[in-house]
Amino acid sequence: MKRIFHFAVAGILAASITACGARSGEPATTDPTATAASTNAAGQSAVQDDESAKDVVKVAASNKDFTTLVAAVKQAGLVDALSNAGPFTVFAPTNAAFDKVPKETLEALMQADKKADLQNILQYHVYVGMLSESLLQDGQTFNQVNGGNITISKKDGKTIINGTATIVATVKASNGIIHVIDGVLLPK
Amino acid sequence: MKLSSTNLLLTAASAAVLAGGLQSCKSKAGGVSAASNDAAAKVYVAPGKHDEFYNIVSGGFNGQMSVYGIPSGRMFRIVPVFSQHPENGWGFSEETKPMLNTSHGFVPWDDLHHIALSTTKGEHDGRWAFGNANNTPRIARVSLSTFKTEEIIEIPNSAGNHSSPFITENTEYVVAGTRFSVPLDNGNTDVPINTYKDNFKGTVSFIGVDKTTGRMNIDFQLLLPGINFDLARAGKGASKDWFFFSCYNSEKANTLLEVNASAKDKDFIMAVNWKKAQAYARSGKGKKAAVKYAHNVLDEKNHTATSTIINEVLTLDPKDCPDMVYMMPCPKSPHGTDTDPSGEYIIGSGKLAATIPVFSFAKIQQAIASKNYDGNYDGIPVLKYDAVLHGEVQKPGLGPLHTEFDGKGNAYTSFFVSSEIVKWDIKSLKVLDRVPTYYSIGHLSIPGGPTAKPHGKYMIAYNKITKDRYLPTGPELTQSAQLFDISGDKMKLLLDFPTVGEPHYAEAIPAALVEKNSKKIYKIEENQHPYAAKGDNMAKVERKGNEVHVMMTAVRSHFTPDNIEGVKLGDVVYFHVTNVEQDWDVPHGFAVKGANNAEILIMPGETQTLKWTPDRTGIFPIYCTDFCSALHQEMQGYVRVSPANSNVALHFSTGTNKPAADVAAKK
Chain L
292 MKRIFHFAVA GILAASITAC GARSGEPATT DPTATAASTN AAGQSAVQDD
342 ESAKDVVKVA ASNKDFTTLV AAVKQAGLVD ALSNAGPFTV FAPTNAAFDK
392 VPKETLEALM QADKKADLQN ILQYHVYVGM LSESLLQDGQ TFNQVNGGNI
442 TISKKDGKTI INGTATIVAT VKASNGIIHV IDGVLLPK
Chain W
13 MKLSSTNLLL TAASAAVLAG GLQSCKSKAG GVSAASNDAA AKVYVAPGKH
63 DEFYNIVSGG FNGQMSVYGI PSGRMFRIVP VFSQHPENGW GFSEETKPML
113 NTSHGFVPWD DLHHIALSTT KGEHDGRWAF GNANNTPRIA RVSLSTFKTE
163 EIIEIPNSAG NHSSPFITEN TEYVVAGTRF SVPLDNGNTD VPINTYKDNF
213 KGTVSFIGVD KTTGRMNIDF QLLLPGINFD LARAGKGASK DWFFFSCYNS
263 EKANTLLEVN ASAKDKDFIM AVNWKKAQAY ARSGKGKKAA VKYAHNVLDE
313 KNHTATSTII NEVLTLDPKD CPDMVYMMPC PKSPHGTDTD PSGEYIIGSG
363 KLAATIPVFS FAKIQQAIAS KNYDGNYDGI PVLKYDAVLH GEVQKPGLGP
413 LHTEFDGKGN AYTSFFVSSE IVKWDIKSLK VLDRVPTYYS IGHLSIPGGP
463 TAKPHGKYMI AYNKITKDRY LPTGPELTQS AQLFDISGDK MKLLLDFPTV
513 GEPHYAEAIP AALVEKNSKK IYKIEENQHP YAAKGDNMAK VERKGNEVHV
563 MMTAVRSHFT PDNIEGVKLG DVVYFHVTNV EQDWDVPHGF AVKGANNAEI
613 LIMPGETQTL KWTPDRTGIF PIYCTDFCSA LHQEMQGYVR VSPANSNVAL
663 HFSTGTNKPA ADVAAKK
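Keeping their order, the protein sequence lines are chains L and W.
Residues 292 to 479 (the working numbering) are what the first sequence spells out, left to right.
Residues 13 to 679 (the working numbering) are what the second sequence spells out, left to right.
The reader is advised that the hints may include incorrect statements.
[Claimed, not checked] Residues from chain W shown here face chain L by an in silico Cβ test under 8 Å; the list is partial:
{"no.": "1", "residue": "D137"}
{"no.": "2", "residue": "T267"}
{"no.": "3", "residue": "A374"}
{"no.": "4", "residue": "K375"}
{"no.": "5", "residue": "K532"}
{"no.": "6", "residue": "I533"}
{"no.": "7", "residue": "Y534"}
{"no.": "8", "residue": "S569"}
{"no.": "9", "residue": "E593"}
{"no.": "10", "residue": "L643"}
{"no.": "11", "residue": "G667"}
[Claimed, not checked] Over 10 Å on every C-beta distance to chain W, these chain L residues come out as not near it, computed from the model:
{"no.": "12", "residue": "S336"}
{"no.": "13", "residue": "V338"}
{"no.": "14", "residue": "D340"}
Hints were generated in silico from the structure; no laboratory data involved.
Backbone N, C-alpha and C define an ideal beta-carbon position, used for all residues, glycine too.
Construct the entire structure; sequences and hints are all you get.
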């Protein structure tokens, strides 16, 4: 609230500068560049760059197996954050993994009033740091972006998260690594 | 707590706003800033928007080039050229040290005065920026794709390489003329200074530029009288085969030039038919002279520079090469000589003269054809002043220095003494407008101003004196540039902006010609550095005698390896760090405690090497110096240095603690 107040006051004061100019009989500026001040509000996901390797969002978006995940990331407003420098380890459930979640639950999460819940679930799938699969050891826990912990277990050479989701593939991205998992992780 | 910080912010914001209000009201009341009322809107580039022009600015005594946006005046980058740059390791890393090699050995500094942007058919092509080293004569070529210095060539038989680097219409040649005449390198150089008139020579070097690669080579040198060459411009259009050099000290003084080089009414502008000179060079009229100079090239594939010493140069003596060089009298120690966009008019700015002479290329040709000479200077024909003169701008101002053009028939000349820029009509020679500069302008720049097709719109003044223009910072002040709108009949002051170093000449070029070519990353698969580790699995540490080579990777957010043991006192350690990122604007840095050089910054896909000679035993931290990620502060490691006779085995790791290291530590 106080922050909003501060900006509002600053805005009013800033407007008074123009008034100072206006008093001297000069028209206020009509230069089109001057009005473009805050229109360029897109985050890092909007950076035009065909040369760099793809970040975790772009890697996921370019794979048909992740359409549900990508839609959820967009709905949760996490695209820009995950396009950031990271580094991120994303445990990425496939569309098939999302299909295991009751349809009505999933649809409810995609509603605007459930954005915080959706963010909580998606952030539970992200770790800040580069965890290659070889670093994941049986019994380790990692603190995820949402504040919750995940637990790693190993069985038959496979890496399993929270005893429910198995890493089925790993893809490197420019700003981190994606472990493809066959289940959705639910925050405890 | 929150309340108080909010209040503080609010107070600061109000104070700033009130101060701004005061200033704007003051300027309306006719204050000294004299900026036009719509100035703020004209220089405002909204957040996230790009400037219309790049301004490539010489750094003078900082030895670098810097890159600004016009019209905002925002600085984007300092490109290290002739001076070491601890900020990114230029001249400190093993790969870049050879770039600063000369016949005098490693020279870590110079004085970069002038910029020349490459042209094709006389128009900007956005490929390279050339810069000169005044002190230890060199020319550098900077890529406008990587904004890195790719090549530096030393100039033999030269001292004070001020008349440089200026280019021909298609960048066939970049020239380097001597300010200081000196005895030639291969003769008797140990002579009394007061034998100047007998023993000192000036030279102008024509350095060929490869059309495709930009690689430079000294094609030939002209051996000239012992006068001071100051600035130069090539011809354009009809005059494209010619080059014009301003000359002062035709008195050939070797002491107190302040007085002794101003004795004559007129010095010269030297006209060189470079096409003819090239033909003489090709037809064997030249003589090979023994010299020694360095040619340094940075290879983009292995990110490594090599320095080659060359021992010969081809010289041309005007005595053996008729119709190649002429002198045109020009009043009072000319500084700038500038060619208008058509190539017909050559403007000489006698810095102590009361007029600005404008020479006509057509008349120069007629005078040469009819041998309309006024004697000769050291055997070089002197053309009659009146025969080659288009006319003089009368009483333009005091101390004319440099002239740029807007492509609409107007010339803009800077005046140091009267601290102003004067706009005048090239054909009628009438003064059209004048504006003061704050204070004491040197060079000026109009986008495309020296080319056959100026882009106009803006003009930047590079002032020599700052005094009270900014918040004071003690005796040493930043240099001050000023931006003018020249789109209308009258020049309008828009903006003051501070610059680094001491800018001399600068050029501005439309962003559209440059930004699309700007490189984002170096492709890791194209990295041919011999010590590159292109992935964590290639990282290793090797011992070669007392050299320890660490082939290290950097990625968000760790080094591989980050624990190194088995280095011994007496070893020289080379950290070859490869940034394996392939993501724009994600450099990593590397520093080690006690290093006697600098950090290095490694761009994505690049390998750079820091040499380190430990001076004591112990544990030495290493870390990433460029804030790369959320875990940047975790991007660190240790190197253990043991006594020379230690039996600690060479060992390296990341993310594991092997027992061997602990066992060794107990011994």
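Here's how the hints hold up against the structure:
1. Taken as an interface hint, D137(W) does not check out: its beta carbon lies about 22 Å from the nearest beta carbon of chain L, beyond 8 Å.
2. Annotation: interface hint on T267(W) violated; nearest CB of chain L at approximately 55 Å, more than 8 Å.
3. At its closest, the beta carbon of A374(W) sits 44 Å from a beta carbon of chain L; the interface hint therefore is violated under the 8 Å criterion.
4. Hint status for K375(W) relative to chain L: violated, with the closest Cβ pair at about 46 Å, above 8 Å.
5. About 4 Å separates the beta-carbon of K532(W) from the nearest beta-carbon of chain L, less than 8 Å, and the hint is met.
6. Given hint, I533(W) at the interface with chain L, holds; its Cβ is 6 Å from that chain's nearest Cβ, closer than 8 Å.
7. Interface restraint check: Y534(W) against chain L, minimum CB-CB distance 10 Å, threshold 8 Å, status violated.
8. Proximity of S569(W) to chain L holds as hinted, the smallest CB-CB distance being about 6 Å (cut-off 8 Å).
9. Taking 8 Å as the C-beta cut-off, the interface hint given for E593(W) holds, the closest approach to chain L being about 7 Å.
10. Satisfaction of the interface hint for L643(W) is found here, the shortest Cβ-Cβ separation to chain L being roughly 6 Å, below the 8 Å cut-off.
11. A least Cβ separation of about 6 Å between G667(W) and chain L falls short of the 8 Å threshold, and the interface hint therefore holds.
12. Every CB of chain W lies more than 10 Å from the CB of S336(L), the least distance being 13 Å, so the non-interface label holds.
13. Interface exclusion of V338(L) from chain W breaks down, the closest Cβ pair being 8 Å apart, not more than 10 Å.
14. The claim that D340(L) is not at the interface with chain W is violated, since a C-beta of that chain comes within 10 Å of its own (minimum 5 Å).
Hint compliance for this structure: hints 1, 2, 3, 4, 7, 13 and 14 are not met, and every other hint is.
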